[in-house]
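S.K.: Okay, here's what each chain looks like letter by letter:
Protein chains: 2
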Amino acid sequence: MNNAIQPLSVSQLLSPSTVAVIGASEDQGKFGGRALHMLMRHRYAGSIYPINPNREQLFGLKAYPSVADTPEPPELAIMAVPQAQVKDRVRECAARGVRCAIIITARFSDAGEEGAAIERELVEIARAGGMRLIGPNCLGLISPANNLVLCSSPALDIDTLPRSPIGFATQSGALMGTLFDRAVAMGIGFSHCVSVGNQADLELCDFIEFLIEDPATRVICSYIEGVKSPARFVQLARRARAAGKPWLAVKAGRTAAGAGAAFSHTASLAGDYAVLKAVCDRENVVLLDDVFAMLLLAASMARHPGHKVDQAVLVSTSGGSAALTADALSDAEIPMTSFSEPTRAQLATLYVPGQADNPVDLFGAKVVEVPDFAYQSALLPMRDVHADVCLSVITTAPNLAGIATGLSRGCAEAGKPILQVMQPGALANDAREALRKTGEPFTDSAAEAVEAIRAWRAWSAYRERVVDEPAPKISIELPAGAVSLGEEESKALLRQAGIPVNEGVVVDGIEQALVHAEEIGYPLVAKIVSPQIVHKTEVGGVALNLRNRTELNDALLAMKTRVAEAMPQAHIEGFFLQRMVTGTVELLVGARHDAQFGPMVVIGSGGVLVELMKDVILLPLPVSRQAAMDALLSLRIAPLLRGYRGAQPLDVDSAADVVMRFAAIAECLKGRDFEIEVNPLKMDIEGCVAVDARARIGEVVP
Amino acid sequence: MNNAIQPLSVSQLLSPSTVAVIGASEDQGKFGGRALHMLMRHRYAGSIYPINPNREQLFGLKAYPSVADTPEPPELAIMAVPQAQVKDRVRECAARGVRCAIIITARFSDAGEEGAAIERELVEIARAGGMRLIGPNCLGLISPANNLVLCSSPALDIDTLPRSPIGFATQSGALMGTLFDRAVAMGIGFSHCVSVGNQADLELCDFIEFLIEDPATRVICSYIEGVKSPARFVQLARRARAAGKPWLAVKAGRTAAGAGAAFSHTASLAGDYAVLKAVCDRENVVLLDDVFAMLLLAASMARHPGHKVDQAVLVSTSGGSAALTADALSDAEIPMTSFSEPTRAQLATLYVPGQADNPVDLFGAKVVEVPDFAYQSALLPMRDVHADVCLSVITTAPNLAGIATGLSRGCAEAGKPILQVMQPGALANDAREALRKTGEPFTDSAAEAVEAIRAWRAWSAYRERVVDEPAPKISIELPAGAVSLGEEESKALLRQAGIPVNEGVVVDGIEQALVHAEEIGYPLVAKIVSPQIVHKTEVGGVALNLRNRTELNDALLAMKTRVAEAMPQAHIEGFFLQRMVTGTVELLVGARHDAQFGPMVVIGSGGVLVELMKDVILLPLPVSRQAAMDALLSLRIAPLLRGYRGAQPLDVDSAADVVMRFAAIAECLKGRDFEIEVNPLKMDIEGCVAVDARARIGEVVP
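Protein sequences appear in the order of chains A and B.
The first sequence begins at 1 in my numbering and counts up one residue at a time.
The second sequence begins at 1 in my numbering and counts up one residue at a time.
Errors might be hidden in some of the hints.
A pair counts as met if it fits within one copy or between any two copies, since identical chains are not told apart.
What the hints assert, rightly or not - 25 angstroms max Cα-Cα, derived BS3-like pairs, lysine-lysine: (1) 62 x 30; (2) 87 x 228; (3) 277 x 308; (4) 277 x 670; (5) 366 x 87.
Keep in mind the hints are simulated off the structure, nothing from the lab.
Predicted, not measured: the structure shown is a model, and the values here were computed from it.
One chain only, chain A, in its complex shape (with noise of 0.2 angstroms):
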């Protein structure tokens, strides 16, 4: 077993037959005592060896001093002793041929540089034998499918595991014991549970991985702090579509700010979090906000495979509730189905005149004879083409356990999902607890319902992105090292990709500018030019619309003086003259290396709305023209794109073009660190030009 080469794969170490808890006692305050517990509570079927020098039995089991004493080597083995120990638990286990160590210990990589050092320690002890490692400072493992718990959460102080076919593989272990003791109350449960720590050798990837190639799982929830290999993670979402199982996922650190003054928007705006959200989008994994809802998902989509949602039924007990309701439903763009005439009029026969429509009041029935008026409800609304899916909110009434399970029973003849929303406190206790035993999800809280339903639109609305178009040919000189470009030499690599940029012509003072002015032709900008001034407008280095000779001199003469106050150290080499272009529409589009998922095109209103509007869409490479136009379509600013209030559509296929250019130019630039920014990109009836450029060229990415 020793010295394996092929490290041995999850599903090699999830089944184990036989398993030694590390530290094993009978202390029920202590994690070996725990986990002892749990493990025998829920009737693992392999082996089981209590490792604990000081005592021959622990809950009638023989114990052993060491893993070297058991009668044949454990194939996984559980620790949560003292930070100083576990680099000698390691060793024996490794020595031992054990092949997969769960260590619960803290204060590794996550306390700071030396407890780094001792967890890569720990790895290469682990790879030298042949083992692999889960954790450090993980809570273990809650395994139903294969009645494997090695997880020492209260959570599990119940009398059975309850599965379902849904994965968990989470950054957190307290919401792993949390979401388990939550999907429990439910009703519901999971296939395999697990909280992966510090990742030193096993890594949410790997579990994901499993995930999707276990038969026991049909759904796959992630909770995600940092992604470690992005490159796998894009793959295995890609493997988890072509499973036909929906990957959840929340993330933790969405609203970090970005990286203060970047060189340019395009870094500032394509911050982690935005470019994961990219990768995402893009590869169908479904963010959401929040790990209950997420939950809530899960389990809907569990009973209902490849069940795709667009337009919701709201069905309430109380005209309020439907109300508030229905506002968070429209928060989330989420539409309301609209009845057919057939609904309408079934409707009719059952609901009071004015209330057969959606929202349904289940109390502006003619009769309310529970439960059947509250299957009926479900049943008749739910049967319309149009409704996806029943979301119910339940708030006080007589018997709320046959009002719940009515709705429940219509929706499933209908073979439509629902979502049930217990609003009361202890008085929909027994509608909460007869839905436990059918295992319909619910919530108590509506908003998390409403970011379920928000998240499965999402899910249902992904389309394979086929790259309709190859990247547009082109050949662009690159500097070898890292550099910095100003405005005229980013222009000229634009160029070079057959990217339109408005010309203009370097002069060295006034009198040149005078004469050039004449060949360029009136109204002008004129910009100055400094190797040491990025951001011109700041210091006063830009003058727009300049109509005459007497114009240019003034606004030359006043630019020099203010930049002179603003920037004193700045070397002023001249001015930039270009003729003034009247688009109406500004754009930004960018394109930059991001250190996890490499290259990206950026774009976004542009201009002075860069950061009012905050409307930026990344596209990860390959880009095809249709996602580059969708994506010009999609931004907030699009109204104006596309003729706002009469006016002439402008030239959105001219802007898909240089975002297409901008994909190649990202291309070539794969490898090195970079960052290119056109902003603005003046939008016209035909064409559009490039007004605005700036680059940073780093160098080649390790």
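Let chain A serve as the given structure and place chain B on it in line with the hints.
M.R.: Just chain B, lined up with the frame of chain A:
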């Protein structure tokens, strides 16, 4: 008692010494059975007269055939009789001298005009008899402060009525029962809850007024679908402030789409919800989007009267939950306390290095000894002067009850509020029960807690507005009847009000245009003049930046053709020529009559950004200069006003002057239906100018 002139107030009604239950029975399947049972169960101290012509006794109480037969006139009567019998029963009550009748029965004004007519009759009958009505179509009231329950909600099937100094007036009966049941689960209660139903006589404001005066009430909650008496609403908000009682409100119908194609943007931007929100902001009625968040906030405010909240401390048993909740706080723009050095030093004694920070990770404590580490983990950070509220997020861990109560004790000792979030399922039930006993508010939803803190901050940040400067004296000539004013007439009105407008000249054809153009000077703007055309851009009736004779000539020719094609029925009277104004930023400034709250001034991003940015602020009259400046500088577009990226700041003072003059116009137009709008108001470094305008001045409002 009959023919009393002065109607009785709510406080005279809510502590009756005698109550009649009309249609009383012992059948718990019927309203009259449940209502009688609840009234007795909760030990109402006065006399109860069950009214039932077919029974001698009910639950041991003597029953009477009619209210006419009771030993004395009942002060209060409640009925849920069939709709057809309501009028007779109300007449009997009025004749007998009942002070107030509560009508549960529905299908009056809630079911159309026929029912509305009967409802008006009920009010007439009641008024004639000096009797007040609650409802119809309500669920009655729950008044723990008076041991008075006139409500059949199954939520009342509990042993004791929990009391807290929280009043609740609601337009949804089901939400009354639901909130009550949730409150019970939280261990809190109410002073009085009332469901106002159709508000035929007594309405929401009557109960708000009562709660303001009621010594048992400290915080007022309300659920609002529409405001019946807007002026009184505003007046009561002021009285609530004066009484030091926070007034919280949830409004349904927030997202209802505005009136389709409006005459001006001012009308569509300032829809019903926006107006109510502006009024509430002005008067510090705190709007929340969730009734349970409202309850949580009320419970916490009731425990900490007058406490103001700005910064939050986040304490959690899980790094993952802390990270997700920090994201939610950031979304809600709630700052997290940056601990002072002394706080950090104290925390460092308790926590391992690197963990003594906000959010506080409970399991970063050096010694995890429940409940003391939890107590210390709340006490130390909450003593920080910038720690205003503690938000704890509890996940699965051993001894959650000890942790929750420890945190409570720590905050109590620091004298600061804590909102606790219980994320597990049943595992947190002991902790919930422990908090329930202490009445410390908690919820299962982090989103609810964050929304409560957001609202608490909004309430805390309120400043009483002072009118620092009288509205400018203006004198404008108003049309006698209803008129729509085109650009030139609207500008004439603005000019009278002292608002700078971009002057121009109307010409009847191209030849005359070419002559006048020389006087005005190029570049020019030309616009079509036609009484049928309001939105000129949409029919191609505007040409910008015409730089010379040729361009003007060509543009007018093309415009004629375009407009004739787009609107063949429009009569073209000529062209309006103006100098092209090149201000960089465009605002919208408008004013309108709101049917409920009277005149409002509206400001926002103008030009093409109006609909893209949805950047609008409403100012109810009177408008102070400070409020005008604050509003302008609170727009999303404000960075452009302040001098964006090194540009010179624009003349916000002059824009504030325009806003004040709009307020003066609105003052002049008070009592008439009107909309008047400048869009765009072009802003420059010095001054600003109204470039386009329109107005509609309607009839005197009834």
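S.K.: Please write out, lowest number first, the hints stated earlier that are contradicted by the structure.
M.R.: No hint contradicted; all consistent.
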